[in-house]
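**Q** Residues per chain, in single letters:
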Amino acid sequence: MTRLFIAPTSTAQWHKLVNDAQVHCKYELEEDLESYLVFLLMRFLSRPEMVNSILAIEYLQSFTSQGQLRQIRLQEVGDHCLLFSGLFPKQAQRRRVKISYFVNLGRSAYHQLAENSLQATAELYSQLALHFVPVMDVLHAIRRLGADSPVLEPMEAMELWSDTGSKQALENLRESTQSSNIQPLDNKTPRH
Amino acid sequence: MSHYELDARRLLCPMPVIRAQDKVKTLAPGDTLDVVCTDPGALNDIPAWCRINGHEVLDKKQIDDEIIVCIRVGNID
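Order-wise, the sequence lines are chains A and B.
First residue of the first sequence? That's 1 in the numbering used here, and the numbers climb one at a time after it.
First residue of the second sequence? That's 1001 in the numbering used here, and the numbers climb one at a time after it.
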C-alpha cells in the first residue's frame, strides 16, 4: 500500500521519512548521522544528473587533487555511493558491479575525508565510514516503506548480506524465501 | 542572552548545518548564533533545519564569498 507522508515542509517530510524508516528497520541513527542523511536526501534528489557520475574516476581524481577540491570530490563519492547503495541499488546491476562495491568505495571515501579533515568534522565522516551499512539499511527501509515487494532481488540480497552483513538485506531475503535456514554465500561470515 | 559565532567556512553542505546543530546544543534559549559559511547550500539548509527544530532565522546575508545566517535559539526540550 502506498503511504502518504504529510508534514509542513520538505525538510520535515524527509525527516519524518528517515525517522519512520529507522523504526521500520529497528535502528536508531545518531542525531548527526540522521541530519546528514536528511540533508543529503534533500540535496541529491533534486540532482538527477548524479546517476551519470563515474565513481571510480571521481575517487581516483580525488587523489590527484588537493585542499578543498579533494574534499569536495571525496564527499561526492561517499555521498553518491551511499545513495546508490541505499536508494538506487539497481545502479549496481546497470554498472555491472555488486552493491557492496558502492559500500566499499563509499566507506573508503568517507574514511579518507575523516583523515584529511579537522577534528570537528572528521568525527562525523568517521561515523559515516563506520556506520555506512546501517545508514544504507535506513535508505533501503525508506524504499521498502513505499513498495509492495522487497527492494532487492533474492540474489542481490544474498550477496549484499554476505558481503556487508546488511540486516535489511537479510530481512529482504527472508521475505523472498520460506526457508528458515539461510546461509551466507560460500559459508563466509557476514561482515558487520 | 549571549551572541556567538560559528566558523563553518570551507565546510561542504550538509556539514555547516550539522556543526550548527552541535553548537546550538550548547546554547541557551534566546542566545543568538551567527553561522559563517562559504557553501551556498547553507542558505537553504540552515533555515530549513531551524524550521523543524523551533529556532528562528533572524537574518541571512552574503558578503563576497561568505554567507552569514543569524539564528536565535528556540526552546529546546
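Hints are computed from structural coordinates only; laboratory data are not their basis.
Note that the structure is a prediction, hence the values are computed from the model and not measured.
One or more hints might be untrue.
As the list claims (entries may be wrong) - A partial selection of chain B residues facing chain A, derived with a Cβ cut-off under 8 Å:
#1 Arg1009
#2 Pro1014
#3 Pro1040
#4 Ile1052
#5 Gly1054
#6 Lys1061
Each residue gets a CB set at the ideal place from its N, CA and C atoms; glycine is no exception.
**Q** Now tell me if each hint is right for this structure.
**A** Checked hints:
The criterion of a C-beta within 8 Å of any C-beta in chain A is not met by arginine 1009(B), whose closest approach is roughly 10 Å, and the hint is violated. At a threshold of 8 Å, the smallest CB-CB gap from proline 1014(B) to chain A is about 3 Å, leaving the interface hint in force. A hinted interface residue such as proline 1040(B) counts as satisfied when its beta carbon comes closer than 8 Å to some beta carbon of chain A; here the least separation is about 12 Å, so the hint is violated. Evaluation of the isoleucine 1052(B) hint against chain A yields a held restraint, the C-beta minimum of about 5 Å falling below 8 Å.
A cut of 8 Å between beta carbons decides the hint on glycine 1054(B): the least distance to chain A is about 12 Å, and the hint is violated. For lysine 1061(B), the interface hint is violated, since its Cβ never comes within 8 Å of a Cβ in chain A; the closest pair sits about 21 Å apart.
In this structure, the earlier hints numbered 1, 3, 5, 6 are contradicted, and the remaining ones agree with it.
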